[in-house]
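For the protein sequence lines, the chains are A and B, in the order given. Each residue of the first sequence is one higher than the one before, starting from 1 at the first, in full-length UniProt numbering. Each residue of the second sequence is one higher than the one before, starting from 1 at the first, in full-length UniProt numbering.
Quick caveat, the hints were computed from the structure, so don't treat them as lab data. It cannot be assumed that every hint is accurate.
As the list claims (entries may be wrong) - Mimicking SDA-like on lysine to any residue, the simulated pairs with C-alpha atoms at most 25 Å apart in a straight line are:
hint, chain 1, residue 1, chain 2, residue 2
1, A, K575, A, N587
2, B, K5, A, H808
3, A, K662, B, A259
4, A, K64, B, A259
5, B, K5, A, A123
6, A, K353, A, A432
7, A, K147, A, H324
8, A, K662, B, D7
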Amino acid sequence: MTATQDRPAAEIGKDRRRKEDQRLITGRTRWTDNITLPGMLHLAMVRSPFAHATITSIDVDAAKASPNVVTVLTGKDFGEELGVNINAWPITPDQKAPVHSPMPADRVAFAGEVVAVVVARSAAEARDAAELVDVEYDEQPAVLGIKNALKDEVLAHPDLGTNKSALWIFDSNDAGTGSDVEAAIEEARSNGILIEREYRQQRLIPAFMEPRSVVVDPTGEQLTMWSATQIPHILRFALAATTGVPESKIRVIAPDVGGGFGGKLQTTPEEWIAWAVARRLSKPVKYTETRSESLMSAHHGRDQVQTLTLAADKDGKVTGLKVHLDADMGAYISIVGGGVPVLGAFMFNAIYKFPAYRFECQTVLTNSTWTDAYRGAGRPEATYAIERLMDELAAEVGVDPLEIRERNWITHEEFPFTTVAGLEYDTGNYEAATAKAKESFGYDALRAEQRERRERGDRVQLGIGVSTFTEMCGLAPSRVLGSLDYGAGGWEHASVRMLATGKVEIVTGASAHGQGHETAFSQIVADRLGVPFEDVEVLHGDTQISHKGLDTYGSRSLVVGGEALVKAVDKVVDKARHLAAHLLEANADDLDYSGGRFTVRGTDQGVAIQELATAAFAAHNYPEDMEPSIDAEATYDPVNFNYPHGTHLCAMEVDTETGAVKMRKYTCCDDIGTIINPLIVAGQVHGGLVQGIAQALWEEAVHDESGTLVSGSFVDYLLPTAADTISFDVVHTDDPSVCTTNTLGTKGVGEAGTIASTPAVVNAVVDAVRHLGINDIQMPCTPERVWRAIEGSRAGGATDTPSDAMPHFQEGALNQDSTEGAGQ
Amino acid sequence: MIPVKFDYLAPTSVEEALAALGEHGDDAKILAGGQSLLPVLRMRLNAPEVVIDLGGISSLRGIRDDGDAIVIGAMTTHHDVRDDHLVKQHALLLSKAAAEVADSQIRHRGTFGGALAHADPAGDLGAPALALGAQFVVAGPGGTRTVEASDFFVDLFETAIGDDEILTEVRIPKHTGWGAHYEKFVRVAHQWPIVAVAATVRGSIDEARVGLTNMGSTPLRATATEQALAGVSATEDGVREAAQLAADGTHPPSDLNGAADYRQHLARVLTGRAVLRAAGV
Ligand SMILES: Cc1cc2nc3c(=O)[nH]c(=O)nc-3n(C[C@H](O)[C@H](O)[C@H](O)COP(=O)(O)OP(=O)(O)OC[C@H]3O[C@@H](n4cnc5c(N)ncnc54)[C@H](O)[C@@H]3O)c2cc1C
Chain A
1 MTATQDRPAA EIGKDRRRKE DQRLITGRTR WTDNITLPGM LHLAMVRSPF
51 AHATITSIDV DAAKASPNVV TVLTGKDFGE ELGVNINAWP ITPDQKAPVH
101 SPMPADRVAF AGEVVAVVVA RSAAEARDAA ELVDVEYDEQ PAVLGIKNAL
151 KDEVLAHPDL GTNKSALWIF DSNDAGTGSD VEAAIEEARS NGILIEREYR
201 QQRLIPAFME PRSVVVDPTG EQLTMWSATQ IPHILRFALA ATTGVPESKI
251 RVIAPDVGGG FGGKLQTTPE EWIAWAVARR LSKPVKYTET RSESLMSAHH
301 GRDQVQTLTL AADKDGKVTG LKVHLDADMG AYISIVGGGV PVLGAFMFNA
351 IYKFPAYRFE CQTVLTNSTW TDAYRGAGRP EATYAIERLM DELAAEVGVD
401 PLEIRERNWI THEEFPFTTV AGLEYDTGNY EAATAKAKES FGYDALRAEQ
451 RERRERGDRV QLGIGVSTFT EMCGLAPSRV LGSLDYGAGG WEHASVRMLA
501 TGKVEIVTGA SAHGQGHETA FSQIVADRLG VPFEDVEVLH GDTQISHKGL
551 DTYGSRSLVV GGEALVKAVD KVVDKARHLA AHLLEANADD LDYSGGRFTV
601 RGTDQGVAIQ ELATAAFAAH NYPEDMEPSI DAEATYDPVN FNYPHGTHLC
651 AMEVDTETGA VKMRKYTCCD DIGTIINPLI VAGQVHGGLV QGIAQALWEE
701 AVHDESGTLV SGSFVDYLLP TAADTISFDV VHTDDPSVCT TNTLGTKGVG
751 EAGTIASTPA VVNAVVDAVR HLGINDIQMP CTPERVWRAI EGSRAGGATD
801 TPSDAMPHFQ EGALNQDSTE GAGQ
Chain B
1 MIPVKFDYLA PTSVEEALAA LGEHGDDAKI LAGGQSLLPV LRMRLNAPEV
51 VIDLGGISSL RGIRDDGDAI VIGAMTTHHD VRDDHLVKQH ALLLSKAAAE
101 VADSQIRHRG TFGGALAHAD PAGDLGAPAL ALGAQFVVAG PGGTRTVEAS
151 DFFVDLFETA IGDDEILTEV RIPKHTGWGA HYEKFVRVAH QWPIVAVAAT
201 VRGSIDEARV GLTNMGSTPL RATATEQALA GVSATEDGVR EAAQLAADGT
251 HPPSDLNGAA DYRQHLARVL TGRAVLRAAG V
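Take these sequences, add in the hints, and give me the full structure.
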């Protein structure tokens, strides 16, 4: 008989250390690359150095003759068998999308595309032989950059006849959610304020810590794929849908996965190639990318040109917003690529009451690395644009940026509020978050210091940036996704297994890759079921165990997956109650459940949930009308998004001599409803902030005119480290506006920091130098751009970047003078 | 990131290392701390057949007093250069610059000789070595020779060290009591400098030496500035005027971190700051 324990003190709200950290941080765990199977072969990819070329010939003889090479395969060697990489979100019925073969046989469309795969007994031998594959290309003109693509002079895919993939439009006048934006613009042009801007969302690289890796085992009845992916369930579906293997014969496992940030929300050519090779050879294979390959060929994010028109009356009350996005899809429309900028459509109006709104998004194809979701996916871009514009409006009206927001935001009494984009915000309190952030930040003192430095003409100027963000997360109600032509739903599944010894296994369809689900979900179950935190085991990421699920992205795991779990736990309690009534010979209605124990009201008789689990296992004595089990499962489809929000305040110092910028203070007050684990929330906020700050200041993926990724290593793609950031001031509202559409009252937090911080930082940098006549600096705000803006030598900062990166690891002239033998 | 296969030799004396170098010639490459060579090999930018590791030659490690100079063994790590009391006393500038190289893991592996032999124009140690008038002791099949700093740096990643030679030690003329500062301009902490200025001054200011990092294909001396600084009083105005000359005649690179004209601007501003800090202002 299991020992029964009292219910622990409330778990929800406790800052539990993460139970998964020991194994994740020390690396003593099953990362995909740690998996070694008997007889396993290793793959190396041969990639195109050209952005656009036809393949004239591929000579694989030398590579095949290389030691321990099993075979070399090209696109020609595979037919249909290879399958395709799918786009699951065609945003318009007439969207133009090239067929995406994982390994094209005839033509490559970006530098880094795979043209051949070498299979050898070791990874080193595969790599050596890959150097010997001789590919002849006929280089074609490549189109790079959104503005070039729009001209349709050079085509990324000549067969399509255009680079324009899809045009997606939302107009509040047509949707009935608002009035006509053109009328508002006309009115503002003559009688009010009109702000017209073009902002650039530079291209970013998700740069997860663990490079992508895939192992395929074709032996056994089910074919098994281990992959460093965020989306094992979707991956399984896509393999079945495109490679002809029945879904029931496929098992996909995402073991421990080292970060994703959207970058592993993909079905990749490398997975498809590994799958095809393993099936062809009937041998297990492994492929692990190098960091260089990852930066070059794993999907990138952002990359938009935003053309914005904000209309307001003279007091700064916004009367309309018109948005036109041009978004670079890269060479192929990735799994949700086209939909990413469209997600932004619902967020440009942010926390404000705009009477009129129009949004257009033109997606374009170029000969560059494909793009897709990156932390925030569409919402950071939108938030950046509107929060930058609100600061510009404040400057135009001549009031404090917080004042201009207050004149336009939805007040807390006005919830639930249906926005001009058609979403219903259930709860929020922008006033409270702003008041708390302002106080914690020391807003007034910093403004005074800013004035003082300006008057003194100090070399170092101070700027204060505001970002009052909201976002939609918990992607998403399935019906909403359907109406947007998304290829799947947005539900989540969970099951609870009550083990014979009283321990609990829960299975979730969410697929954690560093977020801390095992800890947070255990806390929820511990509270709802009344079992010790330590007794809960969270299983995920293996389709044989977690047969149903829609994985992890879009700040959905807790708000959708956690809710599914709550529903499953409640079913367990219902079943257990029935069994308890039977065993206690009492009426079910007379039973109280608390602390993991049913008691008969008014008596000292009772039974613990663990005892009931054992009783159900033994099945010696249970009611006639019940199966001998108290296990349960649930599928939960959210009825709405949820809308976390917050006020972020940033102070930046700008050295006006060099253009160097330095963060002085960062305060955020996020309202994310109920907090399950404050420590995990702080981690998500800190990491999110750094990722958003990095877009503002450091990161940019740059291709040169020929389509080579110049920022192809961490020497030039500037990922910040702890040494580059300051200690953030992270607070929450005292009385959070809990989400009303889930029982836990939680809102998403995974993306909040990233969405909010970018405009706060850029607003602060611009604010520091606005008195010099500057109203924009392009991201990332490099010292050079800031300096050029100050110098006024080019209005608005330099927009062209020298194309070449400085080499630090050049082949030395010392002792040896050439790269002979090093291959290409 | 797997390098091409190579043989590994671990000689225990300079003679042995030179013999191995003589035997394998162009096919060999010297390994010091590996902090530049290993990335080159892993990215397959170079593929030597033989790698000759100097790590086992203890005579190449360490710092000693040699009368009017201190002598730094080629295999002395950045960490040791930074912390050494002789260096702090007689060549403070080197200690300051070594402290700015990469991060502490790399400073514990990377070597003084390796960094100078690698001759990355963005490397942090070339400009200070040049400013201090370092002498490079190079051993070859015919014995050792000494190369003056002004002749040592030939071009991007190219020095006066011959194919069959090894840098064994670097003599730094004593600059006892000179103030020093290394002003490094980066966007993120672990970066190579976009521009850096190495300044060391005697008195305030009787004499000054100013080296520039990443302002051309080799480290440079800002000689016009040095001349203008001699006898100037260490004040903002005096120093700034001399610093205005710092970028004269330089041809810095243009890359993602800055165009040439911006680098020239930085060189002027940073020179002013470095000299003032070196003079204790
Ligand atoms: C992530 C990273 C960041 C870095 N950041 C910086 C930075 O900010 N500033 C900076 O200055 N440096 C930086 N470095 C480089 C670092 O300083 C290296 O230590 C240095 O460039 C090379 O020294 P090493 O001892 O590692 O030489 P190795 O890498 O072993 O060798 C470098 C080259 O010199 C040759 N060589 C080495 N020793 C000798 C010798 N005695 N005689 C002849 N030839 C020789 C080798 O054959 C090779 O070609 C960084 C390195 C890394 C990996």
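Now for the hints, and whether the structure bears them out:
1. Of the pairs offered as hints, the one joining A:K575 and A:N587 holds, with about 14 Å between alpha carbons and a cut-off of 25 Å not exceeded.
2. For the hint pairing B:K5 with A:H808, the CA-to-CA distance comes to about 22 Å; that is within 25 Å, so the pair holds.
3. Proposed proximity of A:K662 and B:A259 is supported: the alpha carbons are some 21 Å apart, at most 25 Å.
4. Proposed proximity of A:K64 and B:A259 is contradicted: the alpha carbons are some 46 Å apart, above 25 Å.
5. For the hint pairing B:K5 with A:A123, the CA-to-CA distance comes to about 12 Å; that is within 25 Å, so the pair holds.
6. At roughly 18 Å between alpha-carbon atoms, A:K353 and A:A432 fall within 25 Å of each other, so this suggested pair holds.
7. Under the criterion of a C-alpha separation no larger than 25 Å, the hint pairing A:K147 with A:H324 is consistent with the structure, at around 13 Å.
8. Proposed proximity of A:K662 and B:D7 is contradicted: the alpha carbons are some 47 Å apart, above 25 Å.
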